[in-house]
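Protein chains in written order, with our numbering: chain A, 1 to 440; chain B, 1 to 315.
Hints may contain errors.
FRET-style restraints, in silico, Cβ to Cβ [what the hints assert, rightly or not]: (1) B/V296 with A/P119: 22 to 30 Å; (2) A/D256 with B/L81: 52 to 60 Å; (3) B/F146 with A/T195: 55 to 63 Å; (4) B/F33 with A/N65: 55 to 63 Å; (5) B/V130 with A/G415: 34 to 42 Å; (6) B/G73 with A/A351: 56 to 64 Å; (7) B/P207 with A/G415: 53 to 61 Å; (8) A/E236 with B/N310: 36 to 44 Å.
The set of hints was computed from the structure by calculation and includes no laboratory data.
Idealized CB from N, CA, C, for every residue including glycine.
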Amino acid sequence: MNARVMTSAAAGALLAAAASSPALSEDLTLCWAAWDPANALVELSKDFEAASGHSMSFEFVPWPNFADRMLNELNSGGQLCDLMIGDSQWIGGGAESGHYVKLNDFFDAEGITMDDFIPATVTGYSEWPKGTPNYWALPAFGDVVGWTYRKDWFERPEIQAAFQEEYGRDLGVPATLEELKDIAQFFQGREIDGTTVYGAAIYTERGSEGITMGVTNALYNYGFEYENPETPYDLEGFVNSPGAVAGLEYYKELYDTATPPGASNWYMAEDIDAYKSGQVALQMNFAFIWPGVEADPNVGGGKSGYFANPPGPAGQFAQLGGQGISVVAYSQKQDAALEYIKWFAQPKIQARWWELGGYSALKAVVEDPGFADSQPYAQTFLDSMAIVKDFWAEPAYADLLLAMQEKVHDYVVAGNGTAQEALDGLVEEWTVIFEDEGKI
Amino acid sequence: MTHAPMEKLARATPRPVARRISGLSDRAIAWIFVAPSIFLLLAVNIFPLIWTVRLSFTDYRVNRPNRDVEWVGLRNYERILTDDGIWATMQATAHFLIWTLVLQVLIGFALAFLINRKFRGSDLWTTAIVLPMMLSPAVVGNFWTFLYQPQIGLFNYAIGFLTGADPASFSMIGDVALAPWAIIIADTWMWTPFVMLICLAGLRSIPESIYEAAECDRASKWRQFWTITIPMALPFLMLAVLFRGIENFKMFDLVVQLTGGGPGNTTTLTSIDLKREAFERWRTGYSSAYAVILFVTVFGLASIYVKALNKVKER
């Protein structure tokens, strides 16, 4: 009898303890690409674990397979990821297919306002439909394509003299895309310290999104537009305008005359390798690589400089990268996932995120008076984020991207047809896609 | 008589089960044993096939679960068969298939012929030769991207050394004319040993007595090769062609790793194209039709080929 009473009392006490505990501690899984910023986020998230009692697991997939793997996960309603730092172009599909939780009510309840973030990142990473206050993600990692150059080579008197003699101007940060091409061509095949070096490492990758993320930096600045600003999905004369054709021809010339031999399928990793190993004078890449460049024993510590994508005849733009963080609609731990977002949005956490190598999109961080001087590339990051443009973020973005990959690679790398034919073909394919989507 | 094995089986099984078994016919027992395999076959092979055929007549997209699915009849098939891009992909696949088969059969048979002549260290050589096929295709693809690197690649260096050309002057995986050969060379390097092993089995199955009889008849080595070796090894050679043909028709990983299907679409084989349609563009209905067309093509060609193989074996 006594034993039975004791057992009942113990069970009751356990139940009461369980009922009175403030919240269940969950094991949250965050999915993202496998790259340097992800390692920084693991470090940062330790603070969240300590503060919340939740534990964090991570699923990181290398960039070339990231979209395949994660979109498969979302499309199958998988519960692997509670939090997803998905690419900016997934936002339309994530919202319309019900993969992401809409965050407006949560933001309102927690006092998180999108006015506190860089506007381009809000449009790029959070909004769907674009330009409307419907938020599906919190800007997590600001990123943009920019350029890295070998400052130590540029500063050598003999190289400066040779450049001056050939082009009649000083060798320095290019003021236009044409100047950038001149500089890249100048370095192409040049002997430096007994080694043959080349002009520029640019994006040419065929399989995922590489060449599109590269060529748009030329297309935008020569006059390419995704659609008629007055009439959505009206492509003719905008995608294949004379300016767009000139931009595509520019990129092909840059590829043909100023890139290392064999650079026919290069994306972020190959560009980094070429630059760090001293093969090239210039490198096109997303800003996320800059902390790694600074820390590199061969090219860091002042040997490298950074500049925003230079202007062309139609203006100055740069391809937006970066991602927002979303709560996956299929997650069973949405409350804990929202807690993570609330924690991540705090200014002090965002400041620490920047310190660790993550590019915060919070205005309080990037507009801090000390920000521009906090790193050698900080000002370039700010300049670049002010000129961003992004690829389509429609639910059919993968279709649109693959068509562009194919057309551009076929012209730029394989050398088939003309730039006009490539862009006319792109208009045809995109039109069919939008017709299939019922948008036209 | 018929019930004797049943009684034996019933005796060897626990009593309640035995009682149940002893009341069943041979046919029922056979069905009980075969049923799990048939169920698995239906669930894993036949049902997905029928489902794929059904999807091929729709505009279903797996990434749009909320969208209405429309029955489009033969439209997907019509679009595929009139798409120049897909025909270019088929051509690239045919080029890859034909040349890899020709090279692998010629080199594989030659190696088998050499290895078949017993010499000191022949076992060691056999082991060394089969090493490439033990590697993962992804590893081989990665490995060959380095070999083809214009500035540091050993392949380019070797070609430069032999021809006097500047190794950096050509790019095996970046040039439209060379990229199809780049994937053929890598696949041939990896899979020739497999063909060699099959040919070796064929050569070793030829009885020595036939050669001895030919020697007695004063047949030359050349004549022995053409009238004994080749005809008797032919079924094995054809088997090797069948295996490699099917494998290379669905080649994916090695080529993706090497060229990503580029430059342009030069090395985009049908399997790569199909994967893009199904899992990157998410056109499930369209890609189902594409898969059905490929299935019918491979199944038809393989059936004709197997019939020919059987005829050769009967001779």
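How the hints compare with the structure:
1. Checked against the given bound of 22 to 30 Å, the beta carbons of B/V296 and A/P119, roughly 54 Å apart, lie outside it.
2. Taking 52 to 60 Å as the suggested C-beta distance range, the pair A/D256 and B/L81 does not conform, at roughly 36 Å.
3. Judged by the Cβ atoms, the range 55 to 63 Å given for B/F146 and A/T195 is violated: they are separated by roughly 19 Å.
4. With their beta carbons about 42 Å apart, B/F33 and A/N65 fall outside the hinted range of 55 to 63 Å.
5. The hinted range of 34 to 42 Å is satisfied by B/V130 and A/G415, whose Cβ atoms lie roughly 39 Å apart.
6. Between B/G73 and A/A351 the beta carbon distance is about 60 Å. The supplied range of 56 to 64 Å therefore holds.
7. A C-beta distance of roughly 57 Å is found between B/P207 and A/G415, which places it inside the suggested range of 53 to 61 Å.
8. A/E236 and B/N310 have their C-beta atoms about 58 Å apart, which leaves the hinted 36 to 44 Å range violated.
Checked against the numbered hints given earlier, this structure breaks hints 1, 2, 3, 4 and 8; the rest are met.
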